[in-house]
Amino acid sequence: MRSRIAEDQVVELAEMFRLMSDPTRLRIILACLDQPAAVGEMAERLGISASLVSHHLRLLRAARLLQADRRGRQVFYAVGDEHIRSMLSDMVDHVAEGDVEVEPGS
151 MRSRIAEDQV VELAEMFRLM SDPTRLRIIL ACLDQPAAVG EMAERLGISA
201 SLVSHHLRLL RAARLLQADR RGRQVFYAVG DEHIRSMLSD MVDHVAEGDV
251 EVEPGS
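The sequence shown maps to residues 151 to 256 in our numbering.
Hints are computed from structural coordinates only; laboratory data are not their basis.
Computed from a predicted model, the values in this text were never measured in an experiment.
Incorrect hints may have been included.
If you anchor each label on the Cβ, the simulated ranges turn out as follows [said to hold, decoys possible]:
| no. | residue 1 | residue 2 | range |
| --- | --- | --- | --- |
| 1 | 195 | 157 | 37 to 43 Å |
| 2 | 218 | 174 | 15 to 21 Å |
| 3 | 160 | 201 | 18 to 24 Å |
| 4 | 248 | 190 | 32 to 38 Å |
| 5 | 232 | 164 | 17 to 23 Å |
| 6 | 200 | 247 | 30 to 36 Å |
| 7 | 211 | 184 | 16 to 22 Å |
| 8 | 185 | 154 | 31 to 37 Å |
| 9 | 155 | 212 | 18 to 24 Å |
| 10 | 223 | 167 | 32 to 38 Å |
| 11 | 198 | 157 | 31 to 37 Å |
| 12 | 155 | 222 | 37 to 43 Å |
Glycine included, C-beta positions come from ideal geometry on N, C-alpha and C.
Input sequences plus hints: build the corresponding full structure.
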């Protein structure tokens, strides 16, 4: 069986999933899913320090999971890639469905 992506891309993909496996980083990404958010806003919403948010944002930007947009003195972060947005939205929907009952005989 031939892989769809090169080995170095597999490593990059694994790193993205590793970054998203941290609950705090995942909460930060989800906070940026629907609309851009500033560091202070995320820190307040998530109940963590702005410096901790900034630390996680640096890692998420380096992995191209989030993009930054400077507006005056503030920087807003957003999920800029439609692939990431779609995958996360689908996974959120999947989790929100809860336990689906399996019908007898299926």
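*Kindly indicate which numbered hints from before are broken by the structure, ordering the numbers from low to high.*
The structure breaks only hint 3.
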